[in-house]
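Enquirer: Protein chains in written order, with this note's numbering: chain C, 1 to 429; chain D, 1 to 195.
Rather than coming from a laboratory, the hints here were simulated on the basis of the structure. Check the hints yourself; a few may be wrong.
[Claimed, not checked] Result set (EDC-like, lysine to aspartate or glutamate): computed pairs, CA atoms no more than 20 angstroms apart in a straight line:
(1) D:Lys185 to C:Glu319
(2) C:Lys127 to D:Glu34
(3) C:Lys407 to C:Asp80
(4) C:Lys286 to D:Glu33
(5) D:Lys47 to D:Glu33
(6) D:Lys169 to D:Glu158
(7) D:Lys185 to C:Asp272
(8) D:Lys47 to C:Asp272
(9) D:Lys80 to C:Asp272
(10) D:Lys57 to D:Asp153
(11) C:Lys172 to C:Glu77
(12) C:Lys345 to C:Glu319
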Amino acid sequence: MESKKRPSRRKFLTSGAAVAGLAGAAVRSASGQTPVSSPANTPAPAPAALARAAAEKRLKDLIAYGERSPFVTSLREPADGRPSPDAFGLTFHVVTPLGESVGSITPSSLHYVAAHRGFYVPNIDPKEHRLMIHGMVDRPLIFTVDEIKRLPSITRVHFLECIGNRSRPAHKTVAQTHGMTSCSEWTGVLLSVLLKEAGVQSGASWIVSEGAEEIKGASSVPLAKAMDDCLVCYGMNGEPVRPQQGFPLRLIVPGFEGIYQTKYLRRIKVVDRYYMTYNDYGHLQKDPKVVALTEQLGPKSVITFPSAGQQLPGPGFYEISALAWSGAGAVRRLEISTDGGRSWKDAELRTPAYRMAHTRFALPWTWDGKACELMSRCTDELGTVQPTRAQVAKYWNEPFGPGYRVKGADNTVQMWQVASDGSVHNGNV
Amino acid sequence: MGTSRLLMLVMILGASVSAQSPTYHLGRTPTAEEVRAWDIAISPTGKELPPGRGTAKEGAELYVDRGCRTCHGPTGAGGKAPTLIVTKGAPTNPGTMPGMDMGIMAPGLMAVSAPYATVMWDYINRGMPLGREGTLTPNEVYALTAFLLYKNDVIKSEDEVLDAQNLPKIQMPNRDGYPGHPEWKHGEPRLRNYP
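Please construct the entire structure, taking both the sequences and the accompanying hints into account.
Expert: Here it is as structure tokens:
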């Protein structure tokens, strides 16, 4: 049985190192620098023919599979509080460098990565992988990945966001405050198509979705959502889903928090209750109102330029650029304030406004060189407006002050402070 | 009456057949053995629990033999891995992860924080030991669950036998900790009147 097959971690790490080595070599060659090495371990100079062959191979590799410019240096970094890899070698949360993002699609290599326990990225052979649909269905079914690909396909742009994505005063960049969200074009089959093939029985109310990785991460998803717009994806940004993102199959639950987006999807069990899996337990909340704030994500936006850690070279024209998204549907409006929220201007749409997708907005702006405070707030298709932290505190009837902690998923307004020297800082306290 | 009931039955059957018949006829029927092997998500009712039994006393030995103590510490605390056993007055290492400060549950402390003991059985069975997941037998999972419940004062005797019948019935300290989910509906805000 394929589930028993354990990917060879060593093999995976080795091939990863080989790829990293190749990238390093390519960068050196492209930037015209010579590799740095100490005299002690410098090998005898390779014959010119060997060097030529190596250079030729590098060129062929790059022609076959392109790379970004060596001058482009955006990288993911571990999310706060825990290194990735951690003490056990588990891949843990890393954030997308949103400050350098353009448009609305996150490059797959920079998509944030998260897993509730941390995980060893499995090396799954798609020919061996299976998806089982069973439980409260008339016809339990097992699909191969090729069979899933024969079904009517659908392609949609959707963001993902981790529930832990929240701005803290210690954060120095927009990657740190907001980088646990990313957006991709996902291709796959509607989960409802698979569930209809199996025939959902009356009385069913939830599904349990489960992955094939070492921990077999599982989450409970409401059946109504499963039948509405969930996707079983094999494609991401025009290519197979990347291993860190769930290759060969990933469940996308549009607009729901990240933990529902089951990677390495191997099983859907149709059930009649919330199953309280380990993932579900991890996100357990006592207050039903907070529970409601941890499933479908609210409207949220952030200015990515100018944002904390960036530097404006001087007064003059800039375009303030922001991303907005909502778990309830499309973003209809984004407003930007340059005076700390006293006045707001409508920003212009810069990308298509898809449902449950990052949407880029911009506002032409001439900076006068004085200290100012930049904020953005969005409104989604339901008319819900992104709240400030003070508004949230008022809703809960709690005192608002420095260090106030928003319950559930935090979709509150972020403020950036632009100093008169052009440096930009986190204005959330 | 008999005729109208029969007619209704025919109508219901007809409707369900037309609504639920497959369209694409892809995929195959899994064998009973395949379903049994994959069906590892344990409901709070415990209906997926396999036969088996174990006590805390047996679990204490397994905690050493299966290597749990290497990562979680000799007392269930103080290791590199999350704290499993709460000792009064001793510091706990819940393991840090993004979101902990908004109430993400301590990953190791299911004996204290999970509403149902099935969550522990399920997790130990699917997720432990790290790197050798899926190698514990059902008896061993029952015994390790019993050990952690006993050490956290949830069950009172180290000789109490846990099995598929009594494990789901254990009164966990946080039994009422799950309030239920509001019904999700397409096109509705997550929480009415939330700003």
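Enquirer: Does each hint fit the structure? Answer for all of them.
Expert: Comparing the hints with the structure gives:
no.: 1; hint: D:Lys185 to C:Glu319; result: 38 angstroms, violated
no.: 2; hint: C:Lys127 to D:Glu34; result: 17 angstroms, holds
no.: 3; hint: C:Lys407 to C:Asp80; result: 18 angstroms, holds
no.: 4; hint: C:Lys286 to D:Glu33; result: 38 angstroms, violated
no.: 5; hint: D:Lys47 to D:Glu33; result: 17 angstroms, holds
no.: 6; hint: D:Lys169 to D:Glu158; result: 17 angstroms, holds
no.: 7; hint: D:Lys185 to C:Asp272; result: 17 angstroms, holds
no.: 8; hint: D:Lys47 to C:Asp272; result: 12 angstroms, holds
no.: 9; hint: D:Lys80 to C:Asp272; result: 38 angstroms, violated
no.: 10; hint: D:Lys57 to D:Asp153; result: 14 angstroms, holds
no.: 11; hint: C:Lys172 to C:Glu77; result: 13 angstroms, holds
no.: 12; hint: C:Lys345 to C:Glu319; result: 13 angstroms, holds
Comparing the model with each earlier hint shows violations of hints 1, 4 and 9; every other hint is respected.
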